[in-house]
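Asks: Residue-level listing of the chains:
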Amino acid sequence: MSTVSNVAVKTARETVQLTAKRSKEQTPTALIFLGLLWFSLFFGVAVLVALIVDTAITGWPRFDMNLLTNYDSTLFPEKTGFRAGILGTAWLMVTTAVLAVPLGIGAAVYLEEYADRDRWYNRLIEVNLQNLAAVPSIVYGLLAVGVMAALGFERKGIVLGGAIALSLLILPVIIITTREAIRAVPEEIRSGSLALGATVWQTTWRQILPSAVPGIATGTILGLSRAIGEAAPLLMLGIPLAVRFDPTGIFSEMTALPMQIFFMTSQSQIEFQQAAAAAIIVLLVMVLALNGLAIYIRNKFQRSW
Amino acid sequence: MRVMSKTPSTITINAAHDPYAPRDPHSTQHQEDPLSTFVQAGESAAHALPEVPEAVMDVNDLNVFYGDFHAVHDVTLSFGKNEITALIGPSGCGKSTVLRCLNRMNDLVAGARVEGQVNYHGQNIYAKAVDPIAVRTHIGMVFQKPNPFPKSIYDNIAYGPRVTGMKVDSMDDLVEEALRGAALWDEVKDKLKQSAYGLSGGQQQRLCIARTIATRPDVILMDEPCSALDPIATARVEDLMVELRQQYTIIIVTHNMQQAARVSDRTAFFTAKADETTGDRTGLLVEFDTTSAIFSNPHDKRTEDYISGRFG
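Protein chains in written order, with our numbering: chain D, 10 to 314; chain F, 4 to 315.
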């Protein structure tokens, strides 16, 4: 290229206009589209905020210690409390975790580390797991009734029954998240361990599971925080709407927080409505605390490979 | 990389070679006359080789299939005691597949099927009664990408002996011995309890080698062990391989022909043959000889074309 044309090109470029009165990003169509996106985003959030604020205002007069320490009382609705429900929910959560976590991790480890994907029964199990996560919770309640009957329990509305129902409910969630956590461990770790003469069992136990713990913990807690608010499967089991004693063990009769809320909201007195609203806030705080814990664990133990 | 053709004395490979000798990382290789470079390199690497390898492992009519795909066709090879054997060839020629068959790591690939024999001291490791776990304790493997475990340096080394149930008098001594064997001890002796992820890539790869020799294998397989490393780290790993040759039989897959020429005693050249109807590429062994013969006097036209850079 000659020097002359070089100069010419340079001058032409220098006069190119790079400024604009209105950016092309701000045409009416683009703005309307952006507005729609904002609406979609805030619709859900706005409904949730409205709900929480409304509930908090209704329940405001009942934020006192009686709410947490008293049993349910029809004689003094202004002093009714959720002691039995809160303790029952706590018992349920612990028992559910004890039942569901080992089962879920075991199933996930089998599917990821041992199962032969080419076998039709393993593929069938995989497809069914995805479907199980979408089964309505009331169906799991029915299933738990069946299990309890098969185990020979006459009274099914006990801690163990509720825990079985909730375990079945959250098992798919735990299995799916555990499988994802296991899959996130790089293949090189696996082959490195096997090449040293370790067995698949040793590799899983000493390398894969320790690395997958944060993911497994997160999935488990998220599963539990879903289970904590469930009332439908507990209704199927005939768990009482209100009891006036603390649960004492896994064979003890009990009630749960969502059951008590369900019971109170169906009463006509305004005091019960207020108590129910306050209990909803308590339940929400418990769920949020669990979710917060899950996020904390995930961030704290996150590993980049 | 080291200067090759100018000063042959610097590439003379022997156990006394100082791995910490300063090197100029900017020195370039002499590309003008690759063949003559290889000749010198190959000759200097050869150390009184027997005519026929005193075989620790040998492969007879090995065929490997992945599902319907025929990956490796009729490979027959033997790997000599205390020798370094390099497997070279263009991509897709099946050299890594052959390597993974040697300690049954191919078992882990879904759909993989092996025909023919892979003998370790005359015993077919694909025989029914053979336990792949036992095979891997005798035949260790170092991978392409450094893959330390997310544990401390000490625990990385101790892992193998622990899982295989090795009888150890003192684990501390074994860890030190393995790290010294991999020329890593002086660099890490003060931080054994720290995570292995804090090491550089080259150190991590030497840690992986240390981890492998801690289980006292007989044969060490290396799958392109330097391809993720910079030239200085590569030189150190190569020096290490030559030192390890005194005690171990080493089989290395490499894409780098200079590396094969520098470190190996014998070289097997593989190539891929495309099927005329399906277009599937099957790997086959073209030529197997001493490294100096392969690089100075190849018998097959394809070998000559490949090492002189005409294809691949």
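Be a bit skeptical, because a hint or two may be false.
What the hints assert, rightly or not - As a list, the in silico BS3-like pairs of lysine-lysine whose alpha-carbon atoms are at most 27 Å apart:
(1) F:K131 x F:K148
(2) F:K196 x F:K148
(3) D:K309 x F:K196
(4) D:K309 x F:K154
(5) F:K304 x F:K276
(6) F:K154 x F:K131
(7) F:K170 x D:K309
(8) F:K154 x F:K192
Derived from the structure by calculation, the hints contain no laboratory data. Nothing here was measured: the structure is a model prediction, and the numbers come from that model.
Asks: If a hint holds in the structure, say so; if it does not, say that too.
Replies: Hint by hint, here is what the structure shows:
no. : hint            : result
1   : F:K131 x F:K148 : 32 Å, violated
2   : F:K196 x F:K148 : 23 Å, holds
3   : D:K309 x F:K196 : 21 Å, holds
4   : D:K309 x F:K154 : 17 Å, holds
5   : F:K304 x F:K276 : 15 Å, holds
6   : F:K154 x F:K131 : 35 Å, violated
7   : F:K170 x D:K309 : 38 Å, violated
8   : F:K154 x F:K192 : 16 Å, holds
Hint violations for this structure: numbers 1, 6 and 7, all remaining hints satisfied.
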